[in-house]
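Visitor: With the hints in hand, could you dock these two chains into one complex?
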Amino acid sequence: MTLDEFVAKFAEEFDETPAEEFKAETVFKDLDEWGSLTALSIISMVDEEYDKRVTGADFRSVSTIEELYNLVESK
Amino acid sequence: MAYNPFSLEGKTILITGASSGIGRGIAVECSKIGAKLVISGRNEKRLQDTLSQLQGEGHLALQADLSTQEGVDALVEQCPPINGFVPCAGIPKMQSVKHINRNDLEEIVWINQEVPILLTTELLKKKKLQKKSSIVFIASLSGIFVANMGESLYSTTKAAISGFAKGAALELAAQGTRVNTICPGLVPTSILEMSNEVFSEEQLMESTKGKYPLRRLGRPEDMAYAAIYLLSDASDWVTGINMKVDGGYSLL
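Order-wise, the sequence lines are chains A and B.
Numbering that gives the first Met the number 0 applies: residue 0 is where the first sequence begins, and numbers increase by one.
Numbering that gives the first Met the number 0 applies: residue 0 is where the second sequence begins, and numbers increase by one.
Read the hints as simulated data drawn from the structure, not as lab findings.
All values derive from a computational prediction rather than experimental measurement.
We treat Cβ as the ideally placed atom computed from N, Cα and C, and that holds for glycine.
Some hints could be false.
Calculated lysine-lysine pairs in the BS3-like style (CA-CA distance at most 27 Å, straight line) [as the list claims (entries may be wrong)]: (1) Lys-28/A x Lys-97/B; (2) Lys-165/B x Lys-92/B; (3) Lys-28/A x Lys-210/B.
Listing some non-contacts, in silico: residues in chain A with all C-beta distances to chain B over 12 Å [stated by the list, open to error]: (4) Asp-3; (5) Val-6; (6) Ala-7; (7) Thr-16; (8) Glu-20; (9) Phe-21; (10) Thr-25; (11) Val-26; (12) Asp-29; (13) Leu-30; (14) Ile-42; (15) Glu-47; (16) Thr-63; (17) Glu-66; (18) Asn-69.
Only part of the chain B face toward chain A is listed, based on derived beta-carbon distances under 10 Å [what the hints assert, rightly or not]: (19) Gln-94; (20) Asn-100; (21) Leu-104.
Okay, chain B solo, but in the shape it has when bound (with noise of 0.2 Å):
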């Protein structure tokens, strides 16, 4: 067999928010270099669109709604022994900090901020998630090394799961379990959701040129293979990390 340090075989990923956008990106990818998916999203038609687009045999979609206790519960529960985690469920929320309100607050916070670390607790408190195993959450450039207009709500989740990932990689380290963040600069398939419909994409292209010095918007592989290396063994002496992937959008 060539030489892959990246390789997946042998190893089960689950992945939340995996009927669209980024968590179906990284779906993808980790089936082709080897991974057995676990899939969840609330949608099961979706669901089942990126079960069709994985490769190789037996992963499983499991159809999960997020928004209550009882939906988390009942993934875990079903989920099988697992050696890798990508919570990439998840929601956006544009809006002016003089109009946050507390609904709109706690919607944001269970789905982005609860949600990915009851999953955490439970799987390791069921003993799903096996030794040695890779958390990989999917943070944002938002709340962590950027700011952006009509974010605030979003980057606060965003950071949350930031500082939750370093407290739990010192925690998990004792079993050789990694947890590390992915904070992705803008992807388009979330771009008209993030901007509440209030521009247009033509003006959120416009509004973001000459802001990335690679020269382009972030794609789902982007991140994918940034979790293909945090999942994977090469990744074996990194922990804690937040790692950016942005086009260099930080940097100006």
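Extracted from the complex, chain A is given alone in its bound form (with noise of 0.2 Å):
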């Protein structure tokens, strides 16, 4: 998957905020609609696309989605 495959995938989960506004280098914990909904879908997202766990210390571990992407790929 690339980047900007990723970035909409990632933006698919959201149902408020605006597809324009995720960027990769979007620090998607500043969204006002991340929260453990969004969460848990993004782990779920990753789970279907990749076959791969994305963890809390994960999500702590980053802020953009970029580094996210880059995250899922190296695991």
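Guide: Okay, here's the thing in structure tokens:
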């Protein structure tokens, strides 16, 4: 999956935030909609797309969508 | 002997999921108040740890893998006659509604819902449950009293168990057997597991702060004392109830 595709998949998990607000450099934890439900959805998305587990520690270790992408790709 | 209407002297109690958490807590406290325990769990070593914590003599540990029907049947086969049954084996599952898939659904329904029901049925068919027995299911606040983000699957199974308990309570009343559930609030033994490691323990503690009027999270002993009441003759006229043990969480 390319970075752009990952950003698009990431954006799809949000219902309120407009898709155009999601960029590779977006600090996702600053989004109003970021919370337990969206975190769960991202975990499920990564599981479905990559068959990989993202943990709470992973979320804490990154701040932008690109950093999360790189972390997932490296797993 | 001192007056104690909650004594479990002379009663043999089967507890599944006794190798950790709430199951272990209930087993240990029941042994302290006189019960003979038949404990089962998947992990042999942790089950032996629980066995070593039990007070008194004559307890039995039965390693059981309840992920299959064969495992369920084998446990019932090995089980001696009992006066109480507390199925505690269960799994959490954090999943948003739009990501539910059939595998996750089938897995949690099997462990949390079908296994306790099938064990009850088999224990009855094989005449392992004596007359005037007590069955205590571990349900949850979730699905019966409240809802929490990401817990729709878990809630489904716990609400189902509550429904089954009422039906069984009605049918088994003729033989004096009582069927009730305990609905725990958050007990931190399972806190990290429940969260699927999405959040740190500190974050979860922070997020639950102020939500428990009695100002702490639950302990396995809190559930054990409720189980002792429901297993003892003190609750001889109590059947078909969902007993909340939640520090007041559901009041808010």
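Visitor: Hints first: check each against the structure and report whether it holds.
Guide: Do the hints match the structure? See the list:
For the hint linking Lys-28/A to Lys-97/B, the alpha-carbon distance of about 21 Å falls within 27 Å, and the restraint holds. Taking the CA atoms of Lys-165/B and Lys-92/B, the gap is about 25 Å. The hint holds against a cut of 27 Å. Proposed proximity of Lys-28/A and Lys-210/B is supported: the alpha carbons are some 24 Å apart, at most 27 Å. Here Asp-3/A stays apart from chain B, with its beta-carbon at least about 22 Å from theirs, past the 12 Å limit.
The Cβ of Val-6/A lies farther than 12 Å from every Cβ of chain B, with a closest approach of about 19 Å, so its non-interface assignment holds. Here Ala-7/A stays apart from chain B, with its beta-carbon at least about 17 Å from theirs, past the 12 Å limit. Once the 12 Å rule is applied to beta carbons, Thr-16/A is consistent with being away from chain B; the minimum gap is 16 Å. Separation of Glu-20/A from chain B is adequate, the least Cβ-Cβ distance of about 20 Å exceeding the 12 Å criterion.
The non-interface label for Phe-21/A is consistent with chain B: the shortest C-beta to C-beta separation is roughly 18 Å, beyond 12 Å. With a least beta-carbon separation of about 20 Å from chain B, Thr-25/A lies farther than 12 Å from that chain, consistent with its non-interface assignment. Against chain B, the non-interface label of Val-26/A holds: every CB pair exceeds 12 Å, the least being about 18 Å. Here Asp-29/A stays apart from chain B, with its beta-carbon at least about 17 Å from theirs, past the 12 Å limit.
Taking the minimum C-beta to C-beta distance to chain B, about 16 Å, the non-interface status of Leu-30/A holds against the 12 Å cut. Non-interface status of Ile-42/A relative to chain B is broken: a Cβ of that chain comes within 12 Å, the nearest being about 6 Å off. Separation of Glu-47/A from chain B is inadequate, the least Cβ-Cβ distance of about 7 Å not exceeding the 12 Å criterion. Remark: the non-interface label on Thr-63/A is consistent with the geometry, its nearest Cβ contact in chain B lying 19 Å away (cut-off 12 Å).
Residue-level check passed: Glu-66/A sits 18 Å from the nearest beta carbon of chain B, beyond 12 Å. Taking the minimum C-beta to C-beta distance to chain B, about 20 Å, the non-interface status of Asn-69/A holds against the 12 Å cut. Interface restraint check for Gln-94/B: the shortest CB-CB distance to chain A comes to about 7 Å, inside 10 Å, so the restraint holds. A cut of 10 Å between beta carbons decides the hint on Asn-100/B: the least distance to chain A is about 8 Å, and the hint holds.
Evaluation of the Leu-104/B hint against chain A yields a violated restraint, the C-beta minimum of about 13 Å exceeding 10 Å.
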